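Q: What follows is each chain in one-letter form.
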Amino acid sequence: MPSWQDFQPFIVTGLALGGVYALSGVGLVVLYRATGVVYLAFGAVGAMGALIAWSVTNAHVQAWVGWLACLLFSGAVTLGYGMLFGPALSKRDPLVKATATLGLLLVLFGLMDLLWTTSGGQSRAITLPTDNSGFIIGQIQVTWTQVIGLAAGFAITAVTGAFLRYTKLGTAMRAMANDREITATLGVPVRRVEAAAWLGCGLLAGLAGLLLADMVALDATTLTFLVISALAAALIGRLRSITLTLAAAIVIGLVQNLLVPIPSLSNYNDMTPFVLAATALLVLSRRHVIARSREET
Amino acid sequence: MHERASNTCGKVALVATVGMFALASCSSSPSPSGGSGTPSANSSATSSPAVVSASQCGTKPGVVATGTPITLGGIVTNQPGTSFTDIANMANAYFTCVNDNGGIKGHPIKYNIETEQTNPAQIAGEAKQLVQTDHVVGIVGNTSIIECSIDSSYWQKLGYDIIDSGIAPECWSTPNSAAVNMGPRYSSDGAVQYALAQHVTKIVFDQSNVPGTGYIAAGPAALAAAAKVPIVQLTENVPITDASSVALKEVDDAGPNGAVVLNFTPPEALVILQAAQKLGIEDRVKLWGCSTPCNTDFLAQSLGPKWNNKLFVNAELTPPDSTSTPTMQLYEAILKQYGKAVSGGIGSFSQMGFTEAEIAVHALETITGAYTVASVNAAFKAVANYNTGMLCQLWTYGSYAMHIPNNEDYTVTPNNGKMVTAQGCTKISSVDPQIAEYRKLAGVAALAP
Amino acid sequence: MLDTADARTGGRRQFRLRRPGPGTLVRAAVVTGLLLILLFAAPALLSAYYVDSMTQVAVYAMLAIGLGLLVGRVGLVSLGQIAVFAIGAWVTARLLFATSQPYPLVLLEAGASTMAVGTLVGLPALRLRGLYLALITLMLAGAFSIVLATTNFPNGGHGFLGYNGSSVHIPPIRRPSIATTDPAYFRYAVAVAALMFALVYAHIRTRPGRAWIAIRQSEPAAIAAGINTTMYKLWAFALASFITGVAGGIYAGAVHFLYSIDFPAQDSIILLAVVLMGGVYSMWGAIVAALLLQLLPALLNDWGVSADWLTILFGVGVLQVLTTAPAGLADQVPKDLARLGRLILRSTGPRHRQGVSEHDRG
Chain A
1 MPSWQDFQPF IVTGLALGGV YALSGVGLVV LYRATGVVYL AFGAVGAMGA
51 LIAWSVTNAH VQAWVGWLAC LLFSGAVTLG YGMLFGPALS KRDPLVKATA
101 TLGLLLVLFG LMDLLWTTSG GQSRAITLPT DNSGFIIGQI QVTWTQVIGL
151 AAGFAITAVT GAFLRYTKLG TAMRAMANDR EITATLGVPV RRVEAAAWLG
201 CGLLAGLAGL LLADMVALDA TTLTFLVISA LAAALIGRLR SITLTLAAAI
251 VIGLVQNLLV PIPSLSNYND MTPFVLAATA LLVLSRRHVI ARSREET
Chain B
298 MHERASNTCG KVALVATVGM FALASCSSSP SPSGGSGTPS ANSSATSSPA
348 VVSASQCGTK PGVVATGTPI TLGGIVTNQP GTSFTDIANM ANAYFTCVND
398 NGGIKGHPIK YNIETEQTNP AQIAGEAKQL VQTDHVVGIV GNTSIIECSI
448 DSSYWQKLGY DIIDSGIAPE CWSTPNSAAV NMGPRYSSDG AVQYALAQHV
498 TKIVFDQSNV PGTGYIAAGP AALAAAAKVP IVQLTENVPI TDASSVALKE
548 VDDAGPNGAV VLNFTPPEAL VILQAAQKLG IEDRVKLWGC STPCNTDFLA
598 QSLGPKWNNK LFVNAELTPP DSTSTPTMQL YEAILKQYGK AVSGGIGSFS
648 QMGFTEAEIA VHALETITGA YTVASVNAAF KAVANYNTGM LCQLWTYGSY
698 AMHIPNNEDY TVTPNNGKMV TAQGCTKISS VDPQIAEYRK LAGVAALAP
Chain C
747 MLDTADARTG GRRQFRLRRP GPGTLVRAAV VTGLLLILLF AAPALLSAYY
797 VDSMTQVAVY AMLAIGLGLL VGRVGLVSLG QIAVFAIGAW VTARLLFATS
847 QPYPLVLLEA GASTMAVGTL VGLPALRLRG LYLALITLML AGAFSIVLAT
897 TNFPNGGHGF LGYNGSSVHI PPIRRPSIAT TDPAYFRYAV AVAALMFALV
947 YAHIRTRPGR AWIAIRQSEP AAIAAGINTT MYKLWAFALA SFITGVAGGI
997 YAGAVHFLYS IDFPAQDSII LLAVVLMGGV YSMWGAIVAA LLLQLLPALL
1047 NDWGVSADWL TILFGVGVLQ VLTTAPAGLA DQVPKDLARL GRLILRSTGP
1097 RHRQGVSEHD RG
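Protein chains in written order, with the working numbering: chain A, 1 to 297; chain B, 298 to 746; chain C, 747 to 1108.
These are calculated hints, taken from the structure and not from any lab test.
The structure displayed is predicted, hence computed values, not measured ones.
Ideal Cβ placement from N, Cα and C applies to all residues, glycine included.
Hints are supplied without guarantee of correctness; some may be wrong.
To be verified - Reference listing, derived: stretches of chain B covered by chain C, where coverage requires no fewer than 3 residues with Cβ under 8 Å from a Cβ of chain C:
| # | stretch |
| --- | --- |
| 1 | 419-426 |
| 2 | 441-452 |
| 3 | 506-513 |
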C-alpha cells in the first residue's frame, strides 16, 4: 500500500480531472433541466469546435480567433440542432430525445474523421497560454490550465445556480422543466427560453472542448466519448442538481486518480465513473427517486 | 409565426454551421502543426537539393512501362487514431516511379492497397479479395496491428511470402513473413538496452494495452533480468485520458536513478512526455526511452529543448536528417515527385514503405520468365544480403522458420527540434530468446558497409 | 384486433392476432424461399470477400433481432448489447480451447451464460425506467470494456482466463467439424440465425408476445390487468441476452481470433442507431440493420469510399427515424414503394375514370 506521500500528487491531478468531468457534467444537467434532453453529443460538439480552433491556429491566425470560432461553432450547432429537432421531439419520451442526440453525435464523429484525417504517427494539440505557467504545491508543478479547469467547474456551477434561481429567464427554464405546456399557457415564450438553453449549453460544450483538448488530448474519439464519464457525474446528481453533479465529478476524478498508485487496482481505475454511476443509479432507484418526473421538489 | 421564426433561426444556424465547415476544410491541411512532416510539395525546404533524380528508381529512365502489369497487394490499418496508409502510399509512389522509368523489364507494377479497421473478419476477407479477385502475385507493405496473426496460415497455404512492416507477433515468428522494421518488441529491446548501457538501476516499461503486450514485454524483461536490473511492467488503456497520472506513476516507480521506457504510438507518447514536463518531473529519472514510433521530427519539435539528451529513441531505420547517401536522396526525390498521398512526409513510415518497395522491385528484377505466385515469391525469398541503404544491416529473407532480418538499430535523441543520432548501429542483444533463435537459424547478419 | 397506438413513441402500428391465414402462408413461403437461396445459391455466386461479409450479416442479424425485441416489442433500450456479445464470444472461445465439446453444445452454453448475466443485470436494473435503464446499461458496458481490456479473450492459454499474453503463435478458434470452410460456415451461421429468428417469432406469437405488447402500451394498465410485468420484462432481457450470446459464439468461429479492441462500448451506440433505422417493429428490420452494419461497409471498403460517410449516414438515419419514420426503413420503404406504385398507377390509369374520354370527344 503506497504511503500518503505517494498519494499526494495524485490528489492534485485528481482534482484537475474532476474539474474536467464537472464542466461537461454541469452542462449536461443544465440542458436537461431546461429541455429534457440528455445531450449526448456534448463531447462531439466540443471536439469539433476544438479541431476548428486548431485549424485556425494552424493557419497562423491569432489563437483567440480560434477559440472564438470554437465557441461560435459549438453554440451554433447546438442551437441549430435544438431549433430543428427540438420541436419535433418535444412531446416524446426523454429516452427518444436522448437517442436523437446520438444521431448528431454520429454525424459529427464521421465529419471529424473525414475533415481532420488521421495522419501517420502525428498528432494535433491545443495549447493555451496558461499551460506553461503555474506554481508548486508540495513537490508538484500545478499549471494554471489545471486550475482553470477546476475553477471553471465551480464557477459554472455557481453562476448557473444563481442564473436559474434569480433571473427571469432562469426561472422560466425551471418552470419549463416542470411542465412545458403549462409554462407556455402562462405566457412564457418557451421557444425563446429553449433557444437560450440550447445556446448556453452549446457555448459550454465549446469551452469544455477547448479545455479538455488541452488537458486530455485533441483526439476526436477521446473527446467525443469522454461525455460518457461526464454523464456518470450527472447521473449521480440525478440529472437535477448541479451542485451534486459538481461534487460527484470531483469525487470521481479523485478516486480515479488515487487508484493509480495502487498496483493491483491501477489498470481498473478508468472504471471509476461507470461503477460509481451504476451504483448510484441502483441505490437511488431503491428509493424510487428516479421513477418520478424530472420535477424539482 | 413561431414556426417561421424558429425556421429562420434554424436556417441561420445551418448557414453558420456550413460556413464553419468551409472554414475548417479550407484550413485543415493534412499536415498537423509544424515539423518536417509537411506534404511532399514543401519537402524541398527541409533538405538540401537532391542530386539524385527520382528517375533513377528504374532501369530505363524516362521510358514508361506498357507491358502486362504485375499485380501486388498490401493490407494496412486505417482507422481513427491509427493510420499506416503512409507506408502503403510510399510503396505505391516507388512503384509508380519505377513504372515511369522502365518498369520491371517493361512491365508496370499494379499495387492494390486494402485498408482495414482492426476487424478480423474484414482483414480475412480482404486477403481473400486480393488473392481470388485481384489475383495478386505478391504481398508487400502489410502494416497492421493484427493482420499477421489472422492471415498467416492463409498466406502459408497459398505460398505467399510477405515483405511487411510488422507489429503482431506472427510477423516475426512465421516462415512466410519478413519485416523491414523491428516491431514493438525488438525496438523496445533496443531502447531498454540503451538505458541499461547508461547504468540505470531500475527500468519502468510502459506500453499501450493493445494485442500482444505480453509478447512485447518478454523482450525487455529478459534483458533486464540478464543485467540484474529490476523492471516494472505497466500497461495503459489507450487513448490515455489522464497523462499526468501516468507520468507520475512512471516517475515514482522508476526513481531518481531509473529509466522510463515507453512503447506507444507517437500521440500517446507525446502526451505522456508533455505531461511529465508540465508537472516538472522529467528530471526526476535518469533518462527516458522510447521505441521507434517516437522517432519523428514532429515529436522532437513538440517536446522542446528540455528533452535534448534526456529522451533516447530507438530508431529502426537510418536517420534521414543526418544522412545524404544516394539512396536517401532517391527516397526524398520520389517522395517529392510521387508522394502526394504520403501525408507524414519524411519519417519512418515513408522510409519503411520505400524500403519494402525497394526490396520487392530488386527481387522482381531477378525473375526471368513469367511472373506468377510461385516465381515472385521464390524471388522474394531469395533476397539475400541486399543493401537497402535504409537499414544498419544487409537484408535477407531466407528460408527460415522465423524472420527478424532487421535486428540492429540506431539510438536518436531530440536536439532542438530534430532527431539526431546518439548512438550508431548497435546489435539488439541475443539475451532476447527470439533474437537468439533467429541468429542461430540465419547466422549473424553482416554489417552494412 | 389490438390497436397498439403507442403514445410514447408516437407511432401507430396494428398488430393482428389471428389464426394463420393465406397471408401468413405466403409470407412463410417467401421467407423459406429466400432462406434456400441464401443457403445454396449465395456462396456459389458471391466472392470469398462477400461470403465473409454475409457471415457477419448473419451474426449481426442476431444482435439486431435481440435489441429490436427489447426496443420494439417491450420498449426497453439497452446500450450494453456489445458487452453481452463479447461475453458470449468469450465463453465460446474458452470452452472451444479447453474442451472438445461439439459446437452446438458450446453455443448453447454461451447463450446460457449470457442469459444468466442478462437476468442478473436485469433484476436490479429493470426497476429503472426508460432513459435511466438505457444509461445504466451504458455505464455497465463501459465498466465491462475496461475489465475486458485487462482480461482479454482466451487464446489457448491456461488458467481461468485462458489468455497467454506472451504467445508468439496464437492458435485459431476452431469451427464445427461440419463447417470448416468459409462457405460452409456461412451456411451454418445462417441456419443458426434462422433458428434464433424462429425462437423470437414463437415468442411473439404466444403469451409472452401479448404481454410485451401490453407492457409497451402502458405498464400500469398491464399490471392492473394482472400481468406479471417484472417477469415478462426479465424474460425479454433473458431472451435477448441468450440470442446475443449465441451470436457471439458464431462470431468467434467466424473470425478465429478475438481481440478486446474489437468490442468498444461505443459500438453499442451504433448498434442502437442502426437497429432503429432498420425498424424495430418488424423482424425484417433486423435484417435491414444487419445489412447496413456489415454489408454496406464491406461494399464501401471495396469501392474505396471512406467508412466515415457511413457513420454520417447512420447519424442522419437516426434523426430521420425518430422524427418522421418511427417504424424504420423496414416499414418505411415498403410504404414509400407502395405510394410510388399508386402514383404511377394513377398517372397511367384508365381514361374512363377521368369522365368524358378523349376518344369520345372525337
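Q: Hint by hint, note whether the structure agrees.
A: A quick look at each hint next to the structure:
Closer than 8 Å: that is the beta-carbon criterion, and the stretch 419-426 of chain B has 6 residues meeting it against chain C, so the requirement of 3 holds. Counting residues of the stretch 441-452 of chain B whose CB falls under 8 Å from any CB of chain C gives 5; the rule of at least 3 is met. Using a Cβ-Cβ cut-off of 8 Å, 7 residues of the stretch 506-513 of chain B lie near chain C, which meets the minimum of three, so the contact claim holds.
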